[in-house]
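S.K.: For the protein sequence lines, the chains are X and F, in the order given. Sequential numbering from 1 applies to the first sequence in our numbering. Sequential numbering from 1 applies to the second sequence in our numbering.
Just so you know, these hints were derived from the structure itself, not from any lab. Among the hints, a few may not be true.
[Unchecked claim] Straight-line alpha carbon distances no greater than 25 Å define the calculated SDA-like cross-link-like pairs of lysine to any residue that follow:
(1) X:K296 with F:K236
(2) X:K199 with X:E303
(3) X:K296 with F:Q112
(4) F:K236 with F:A28
(5) F:K52 with X:V331
(6) X:K329 with F:K238
(7) F:K224 with F:Y201
(8) F:K247 with F:H231
(9) F:K238 with X:E258
(10) F:K238 with F:K52
(11) F:K265 with X:K178
(12) X:K329 with F:L209
(13) F:K311 with F:W351
(14) F:K283 with X:R328
(15) X:K283 with F:G206
(16) F:K54 with X:V331
(17) X:K273 with X:K252
(18) F:K283 with X:S336
(19) X:K178 with X:T277
(20) F:K59 with F:A42
[What the hints assert, rightly or not] Label pairs and their in silico Cβ distance ranges:
(21) X:A194 with F:V227: 51 to 59 Å
(22) F:E246 with X:V240: 39 to 47 Å
(23) X:K322 with F:A301: 40 to 48 Å
(24) F:R339 with X:K273: 26 to 34 Å
(25) F:K26 with X:E316: 28 to 36 Å
(26) X:E308 with F:A301: 53 to 61 Å
(27) F:A301 with X:E316: 42 to 50 Å
(28) X:N221 with F:D251: 51 to 59 Å
(29) X:N221 with F:E343: 30 to 38 Å
[To be verified] Sample of chain F residues with no beta-carbon within 10 Å of chain X, all distances over it, derived:
(30) S22
(31) A113
(32) D141
(33) K190
(34) K224
(35) L304
No residue lacks a Cβ here, since even glycine has one placed at the ideal position from N, Cα and C.
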Amino acid sequence: MENPSDYFDGWMKMQQQAFNVLREQALQMQSFYQNASADSDNPFNNWSKAVFQAFPVGADANLAKDTFSKTLYGNEAMQKLFELWQPLLNAIRDKTIDPASYSDLTDPTKIKQVVDKLFNFDLDAMNQLQKNASQYADLYQQFGKPWTEAAKSQSSNFMQGNFTPSDLQPEAWLIQMKALYSIFENATGKVFSAPAVGKDREKMELLSKCAKAMSTFAANNIEYQQMMQATGQEAMQDVVKALAAKIEAGEKFEQFDEFFALWIDTNEKAFYKLFQTEAFSQKRNALTNAGFNARKLYNEIVERELVELPIARRSEMDEVYKIIYELRKQVKSLESTIQELKNKDQQS
Amino acid sequence: MNNPFSSFDAKSVMKHLGELNSKLMKGAELLTDISEVDVGTAPKQLIYEEDKLKLYHYKPTDDKSCGVPVLVVYALVNRPYMLDIQPDRSFIRNLLELGLDVYIIDWGYPTQADRYLSMDDYINGYMDNCVEAVRKNAKSDKVSLMGVCQGGTFSAIYSALHPEKVQNLITLVAPFDFSTNDGLLFHWSKTMDVDALVDAYGVVPGNILNDGFLMLMPFNLNIKKYVDMLHVMEDKEKLLNFLRMEKWIFDSPGQAGECLRQFVKDCYQGNKLIKGKLKLGGKTVDLSKITMPILNIYASADHLVPPAATKPFNDLVGTEDKTLYEFQGGHIGVFVGSRSQKELAPAISKWLIERDAPVPVKTTALPKKPTAKPVIATRPKAVKKDNKQ
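Input sequences plus hints: build the corresponding full structure.
M.R.: See below:
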């Protein structure tokens with residue numbers, strides 16, 4: 001960029017075009033609503049009635065201006081901004097809104113004045129900003145590229161119908177999800193395990209750990225549910241087969257209970273078979289362990305947040321419980337000794 | 001192809017569904033009449049309490065046929081009133097009517113303050129104190145232990161560590177050999193991260209374990225049971241019994257974390273009891289020290305504690321007087337099934353009476369005038385060596 005004015009000229013042109021379109025649309029809209037029957041309770045009337053009533057009729061424009069600028073730290077640029085929009089605001093308040101109110105908003109000189117005041121752009125700063133943005137974009141692309149590309153490729157395949165029937169099985173979806181998650185973990189997901197720095201380092205690390213633990217739980221849960229769902233599907237197919245066999249044999253269910261018993265037994269057997277497998281045992285434990293781990297980390301976060309409050313935290317109470325436990329044992333032991341001595345005394 | 005639903009006799013099915021609907025309406029009306037679901041109604045007296053634990057003495061019948069008191073040790077995971085769930089199906093009432101003098105430990109509901117209780121505290125602490133309290137109350141030198149499920153494992157451990165105080169040992173559906181994968185709990189527990197569980201909760205909520213139990217037969221325990229309920233809903237007594245069982249199933253106390261940690265690690269994962277490597281209070285639990293008569297009862301269709309986990313116990317104990325008893329039924333059927341009432345309680349009573357050798361009372365170890373008041377929590381003095389069997 002050789003000259004900042006080139007940038008603003010282009011920007012202004014775009015803005016002007018945008019406002020022109022807006023003005024055109026407003027004219028058309030107004031025309032549409034104005035031509036509607038006066039008796040009809042049209043939405044425009046309702047809306048404008050509600051909005052305009054919210055404006056204080058007869059309020060001092062200067063007061064509004066003053067308040068607005070003060071609200072925004074009294075910045076001179078904000079006053080300029082207000083002045084720019086004032087005709088429109090006045091028009092709304094006075095119920096005299098017309099497309100001409102937009103004219104100032106499309107005045108490039110006025111807008112540039114405001115933007116200059118607001119941002120105080122200079123050429124070097126703009127160049128630096130552009131450079132930084134470009135570097136960031138490169139970095140981000142490098143960082144998230146494998147993940148986004150895999151996602152893109154997957155969705156593209158799906159949209160183009162490049163899949164076989166087996167791709168539509170829950171297992172296939174799960175494998176794809178796992179692959180995506182794994183790529184995410186090695187790309188953008190690295191953020192969650194990167195060491196934090198600064199004052200809140202430990203807190204940030206704990207939050208990251210907890211987020212990761214929760215995502216691990218969620219991933220395990222999906223796999224677990226998939227196992228259950230696939231087994232349920234198989235069981236249902238078995239039920240249908242049993243029904244078909246009954247039809248072929250010319251038999252009928254006399255009572256609902258008979259069908260229900262078949263459904264229950266078939267499902268129970270199918271799930272028992274699943275539960276007996278090593279794979280299920282491992283998945284179930286992976287799920288519960290992930291849940292326990294997430295809960296433990298969440299408790300730690302809660303503890304950190306409660307530290308400023310005058311209430312006993314869980315870990316502090318645990319210390320108290322431990323002390324009570326040890327004291328109880330001591331007291332019981334002492335009582336026992338006393339009892340022994342008493343017994344000896346009675347015997348003698 | 002025929003419509004799969006043509007396998008239904010539509011007329012009959014609709015009639016049946018209509019009948020179910022009527023039962024449901026009647027049952028809903030009955031449900032509103034039931035304000036209390038009473039369980040554990042056999043008369044009993046509190047004779048000892050310590051922390052959350054309570055020790056009860058059931059009111060004996062007039063004709064006591066067995067001199068040695070029976071102390072029932074229930075599992076930590078469920079409530080002991082299962083043994084006295086309804087007046088007409090009460091294992092406890094049966095034992096009383098058969099002339100036994102019965103005591104029962106109610107472990108109570110642990111709170112976070114109990115998270116550090118260990119197996120040692122439960123067995124060498126609470127259980128031992130209860131045995132002492134029973135000995136004092138019954139004026140008997142020894143007690144017969146009747147351990148149920150996990151309580152059976154605890155009773156076996158106690159008997160190995162304190163054989164001098166145990167006259168007979170009865171274990172009901174109790175696990176000893178944890179190497180089996182027959183039961184799903186045994187299978188799942190092998191790779192469970194119990195440290196993560198205990199660290200996350202301290203006192204592990206009962207419903208976490210209960211959810212595991214319900215998953216063992218998900219369709220029967222979560223669906224069929226409630227559909228079957230429709231068939232009994234119009235009968236108030238049957239409905240009440242269903243509600244009693246329902247109350248028991250979901251009345252699951254939390255588990256003291258350290259005790260659960262050790263039980264899972266040493267038993268389910270390490271199988272240390274069978275291997276002779278389990279340590280409690282600095283002592284190794286040696287099952288060959290179990291020299292009193294044992295009656296080991298298992299249920300042939302037990303889905304919680306499979307026979308493979310129970311039966312090997314008899315091969316490891318030091319006594320020659322050992323009986324392995326197979327009950328035809330499931331884990332819960334042992335206590336509430338109709339066969340249990342007719343068959344099991346009389347068998348236990350008979351077995352005990354046959355072994356009810358009079359035990360001399362060591363008055364030196366007992367207070368001169370036993371107090372009727374609850375005993376204050378004390379760890380009893382060590383029993384002399386000459387008391388050993």
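S.K.: Which earlier hints can't be squared with this structure?
M.R.: 1, 6, 7, 10, 11, 12, 17, 22, 25, 28, 29, 31, 33, 34
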